[in-house]
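Residue numbers (my numbering), protein chains in the order written: chain G, 1 to 494; chain X, 1 to 330; chain H, 1 to 341.
Worth flagging that the hints you see were computed from the coordinates, not collected in a lab.
It is possible that part of the hints are untrue.
As the list claims (entries may be wrong) - Mimicking DSSO-like on lysine-lysine, the simulated pairs with C-alpha atoms at most 30 Å apart in a straight line are:
(1) H:Lys208 with G:Lys266
(2) G:Lys316 with X:Lys122
(3) H:Lys233 with X:Lys327
(4) G:Lys51 with X:Lys324
(5) G:Lys304 with X:Lys327
(6) X:Lys324 with G:Lys316
(7) G:Lys304 with G:Lys316
(8) G:Lys336 with G:Lys21
(9) G:Lys199 with G:Lys160
(10) X:Lys326 with G:Lys307
(11) G:Lys316 with X:Lys327
(12) G:Lys123 with G:Lys112
(13) G:Lys313 with H:Lys233
(14) X:Lys122 with G:Lys268
(15) G:Lys392 with X:Lys20
(16) H:Lys208 with G:Lys268
(17) G:Lys307 with X:Lys327
(18) G:Lys392 with H:Lys208
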Amino acid sequence: MDKSDIILSINGINKSFPGVKALSDASMEVRKGTVHGVVGENGAGKSTLMKILSGIHTKDSGTIVFDGETIEHTTPIQSIRRGLSIIYQEFNLVNTLTVGENIFLGRFKEMKGLRNSHKEARKLLDSIGSTIDTHSLVSDLSAAEKQMVEITKALSFDSKLIIMDEPSSSLTADELKRLFVIIDDLRKKGVTMIYISHKLDEIFQLCDIVTVMRDGFIVDTKLINDLTRNDMIAMMIGREIENEWPERPRCAGETLMEVQNIRTRKLKDISFELKKGEILGFVGLVGAGRTEIVRAIYGADRAKDLKIMINDKLLKIRKPADGKRSGIGLLPEDRKLEGLVLSFSVKDNITMSSLNNIAKFGFVNTSLENDIADRQIKALSIKTPTPHTKTKTLSGGNQQKCIMGRWLELNPDILILDEPTRGIDVGTKYEIYLLMKEIVENGGSIIIISSELPEVLAMSNRVLTICEGRITGEFNPEETSAHDIMDAAIGGGD
Amino acid sequence: MDVATLSFGRKTLKILGKQKAIVAVALILIAMLFSSSNIFTRNHLFAFLVVAAPDLVIAFGVTFAVICRACDLSVGSVMCLSGIIAIQLINSGVPVFIAVLIAILSGTVIGFINGFLIVQQKTEAFIITLGMGMLLKGVALFMSNARPVSTQDPAFNSISNSTIIGLPSIVVYMLIIGVLAYCLLRFTSFGRNCYALGGDYEVAEHSGINVVRTKWAAFVITGTCAAIAGVLLSSRINTGSAIYGDLTPLLVNCSVVIGGTSFAGGVGGIAQSGLGIAVMHMLRYCMRMFRIDGVLPGINQHVQTLVFGIVIVAIIAMDCYAIKRKKEDV
Amino acid sequence: MLKQEALKKKRLNKVGDFFMEYLVLMAIVALVIVTAIVEPRFLTANNFRNIMGQFGPLSFTALGMTFIILGGFIDLSLPGMISLIAMITLSLFDVIGEVPAMIFGMALGVFLGAFNGTLLVRVGATTQAKALFITFGMSQIYGAISQLITGGHPISRLFIEHPAPITQNLSSGTIGDIFGFSSFLDSIPITFIVFLFFLAILFIFQKKTVLGRSINYTGGNFLAAELGGIPTKRIMVMIYSICGFMVAIGAIAAFSRTPVAAPEIIGANYERDSIMAVVVGGTSLTGGRGNVLRTVLGVSLIILLSNCMNLMQINSHLQEVFRGAVLVTAIWLDHRRHANA
């Protein structure tokens, strides 16, 4: 292979954090003008590798050659100026500033003032066909628009290599299509890209070459055409799995909950019912109102004229505490922000909602509390050194299990799971599916929201499609094709 | 084109909606129309500006700290201290110019130390400046032996009490500092970097902005402005005392926020802060002046404090409530 | 080999952690030792009694403030509240008698605290910065009401006709004065006993009860606590009410210490000193981490510091400088500790 064809080559990179070996002898080469996919479970070392490239972390050993230049020490800004940009999952933009200012952040002097920055920004945005006003505040933009701004920012540095970390996680199908067009366009212009994703479909659709990582090792780098989906999964998790999902549970019985007339600014007349032992899936785009529906049911948001009946009993749910008391549990969308108290221990996070149940005259029984924690840690096989370890040191999957454990201890009639598997590795995902199955087999009901359509379709007994605050359809996923369901979810048909 | 003008119009409305301070000023002025004492005169305007000038100067400085997502509660003590330093140096024979310079530099040094502790050592600005304020208050008490100090030097006295082109000199100084601060924040790389790191510290850091130096500099500016205010104030009343300024830091920080400079960082500006201070001082000044002949001889001092407190609570509470409503309306 | 080293390191870290964790305790021990050497009078029984007597108003208000800071909030309305409660309670002495007046004062404290909390909840001020300014405004309001009620005049206890034995003995009296027996206990001041009483109750409340534990969750992550089914808003009102109650006790202790209570002076600086005591003790300003025992350490450091400086006859203004310096240093070191953890 021609050496000049390689834009980035990394060789024998090692990186350890206290107690963890994050990268072992990682080597890979990226060819100019390709879209290079990087896949792997959470904790496989993808992010660490990219952070070393960008200069946020420093490597322990190994060499990095970028564009013919050996890089020893680097800082984020130096890498960007060399032509290596990273677009993170959590956007690297200042919300309180305008688009133009964000694109040329920290380059005030080079740009000779704000007016010029805005002019240049306009030119760059036009070049990728975006119509975002350079004077609007970043906080007013949608996730897709923010991504455009990030790409524009990368282009403003004449980037030769752009790394995208899970770019699709907050995009709708349409927006994703546009992103793919832009990526394709950039590839034609000779820009190299590294595309990190959990979603194998995207990798197959977009990438030329794929690198698979596992446990800090690089398993292999292959042309996409030489790989099948199952090969890739096997490489990622180190074993063949027969199924990505367990067999669909079938326990649906009589009607358990009836919801009538959820009306808010965003939701219009949402009514539906949930059966005992049923898994009900909500399908829709991000922002269609899925999360708002469950938040209203649980009492986290205010809704007018909301009528919720469980077992034909009308309930008054005004705040989450009411929802909890009525036998509803919610696993929130953003586990770090809304789910966990990150600076508290695993035990504290698990027992948080059940303190009332183990208290006498308002006094907590400490030994019962420890029992609960031990029981749930064992039942969910949460990987933590001790129950007293702070949750912020755990991996995403184990953090999610802590919140699951919190609700399982209460054994709610209805458990609402909002994006339960987001950012969680394949192995833990399967465990969560098994848990869901166990819950309904024991008589509970589940409402699941997920942006991963295959997951909802594989697990649910019934699917409701939601589009712009309305329920647009009810389907049996066993009888209807994914295409039809998606069609209803994006408001097609009329 | 159409879209641009429309969004401009919407932006203006949005800004006006956020600017409760403007509404408050308007309401106060309307109320004063009913007063028997006419405050709409040049003399009253000057008198008002002279009284408000020191706080305005402090607020200009504090704005830098607040935009960088911090606050500074030591400004009151810095103000006392610099006044006392200036006067005592003059009394011990140091030329006025040098004495004033040293007094102002004392604020710079304190700002530097605050910056070191807050930015370099990453302590919480709120509590560390509270402690610093306590410490400096002690220094001021110790230096003045808890008694007011004054000087006979006419040169020092005339700093704030002369006129320049028809305006009281203290107001001129205030305006100069205001314009300088405005330009610094608005048109320089340093100012834009303040906004950036206040909006998102890590992003700013990764974008190659020297965040530590920028935020540090913001505290130095805050300290310096507070010291300048101290010199202006002590020159105006020809007294330096450790007993002023107990409420100053909170009032100034509060006014800056009322003006629209957000405590969440990255939003606001000199003009907004000036407006916030104007609201507070105008309220004070107008209540003192308010009387209706034959009906109301004047407002009781304690009632003034009461109204003052209610206005603070009301304005901040309205802001909070608007955000809450917006959040609930899903 | 490697494992052993790691273990050793871990153990060393643990010792280091302990020192860092109880830095304030170390500072207190160091202070005691140094003062005992320099000034022998420090170790006399009389001085101990003196120190115990210093556990006055500040220690009560700091206990109350602990709960607010633990819940992730702040309360600057203390000066106004103390002034209002003290003035109303004192004015009621001649009207309804001492004990009913004090009970009324405590109820008023709970009410004012609950009002603060409810106001914050109602307007949606769920962050510390918003609470800071609103309670600052509330302090002005309470202070102004207190001034209006008294007309700005101080109230002298000499002019109170109704007998007020509790007020007279609370600050200066000892257990011996009440029970008449003479033993070691004899010299313990009453305020100190009252302080220990509330400390014990509040400690058990915070550590053992569901409500107490809920405060930690609320301070640790407000959103997560709310979605976890903890009634965060009720908790907010509760912590402000607890603080209000403790402030009322503090107000009573404050006016019992002085023969003349002036509305504009009696509450001054209590908000500042209470926050300082809490934070110096090691309760984190960001909420969720800390407890009332830490506050006791913070208060003790402040009290011992003034005691030592008084014994060494340091100029009172210079004392203020030292106190400020110690507080700044303590907070600085505490932050370093958390930064390293």
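How the hints compare with the structure:
1. H:Lys208 with G:Lys266: violated (42 Å)
2. G:Lys316 with X:Lys122: violated (46 Å)
3. H:Lys233 with X:Lys327: Given pair Lys233 of chain H, Lys327 of chain X holds - Cα atoms ~16 Å apart, limit 30 Å.
4. G:Lys51 with X:Lys324: violated (37 Å)
5. G:Lys304 with X:Lys327: holds (15 Å)
6. X:Lys324 with G:Lys316: Holds - the C-alpha atoms of Lys316 of chain G and Lys324 of chain X are around 22 Å apart, at most 30 Å.
7. G:Lys304 with G:Lys316: holds (12 Å)
8. G:Lys336 with G:Lys21: Holds: Lys336 of chain G and Lys21 of chain G sit about 24 Å apart, inside 30 Å.
9. G:Lys199 with G:Lys160: holds (25 Å)
10. X:Lys326 with G:Lys307: holds (23 Å)
11. G:Lys316 with X:Lys327: It holds: about 21 Å lies between the C-alpha atoms, which stays within 30 Å.
12. G:Lys123 with G:Lys112: Distance of about 16 Å is within 30 Å: holds.
13. G:Lys313 with H:Lys233: holds (27 Å)
14. X:Lys122 with G:Lys268: Outside the cut-off at roughly 48 Å; violated.
15. G:Lys392 with X:Lys20: violated (40 Å)
16. H:Lys208 with G:Lys268: violated (45 Å)
17. G:Lys307 with X:Lys327: Holds. Lys307 of chain G to Lys327 of chain X sits at ~22 Å (cutoff 30 Å).
18. G:Lys392 with H:Lys208: holds (25 Å)
The structure fails to meet hints 1, 2, 4, 14, 15 and 16 from the earlier list, while all remaining hints are met.
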